[in-house]
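> Sequence:
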Amino acid sequence: MRLPVYEPLTRGVLLALFSVVVGSIGAAFFLGAVPPASPDLLQSLALVGAILLPAYVVEVIWLVPRMGQGEELEEWLGFIVGAAIADLLAIAVAMLGVQHRLAGHSNSLDDLGLAFVIVSLVVLAGTLVAQPLLARRFSDAEPAEPAVPPSTAEAP
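So the sequence shown is numbered by the working numbering: it starts at 183 and just counts up by one.
Take every hint as true, because none was put in to throw you off.
FRET-style restraints, in silico, Cβ to Cβ: (1) Leu315 to Asp222: 30 to 36 angstroms; (2) Tyr188 to Gln281: 31 to 37 angstroms; (3) Phe200 to Val239: 22 to 28 angstroms.
None of these hints come from the bench; they were simulated from the model. We put the beta carbon where it would ideally sit given N, CA and C, even for glycine.
Could you put together the complete structure from these sequences and hints?
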């Protein structure tokens with residue numbers, strides 16, 4: 183039996199989502215030692231996630247035209263898309279967690295939900311911070327030309 187080979191974009195999306203899920207499971211163990219999150223905290227985290235989405239859109243619109251082409255680039259773009267998908271899911275999980283806590287429930291799902299929200303926000307924020315740094319790596323651009331071409335410069 184052979185495992186299917188995914189396209190680079192799909193691999194990037196799956197890598198981002200898998201990273202968030204694994205990080206969430208690990209973080210949930212640590213969050214089990216603290217009291218459950220308040221509804222206000224979850225609502226604030228949902229708001230932070232909603233604020234990160236327009237920043238993601240603006241940065242991707244800025245970044246994509248400045249990048250070249252290649253398999254590594256496509257995988258990175260897939261990772262960025264996967265991080266944004268995880269952020270959208272984190273907003274929904276946080277809002278569901280608010281209602282769960284307001285209804286008076288408290289169980290291990292609170293820890294897993296809070297961990298998923300926090301890890302998703304950290305992954306998306308990290309990719310937003312790293313994108314300008316990676317723009318040069320994926321760039322096809324030639325070295326910058328001088329402001330005044332040598333043929334039009336004044337001779338001394």
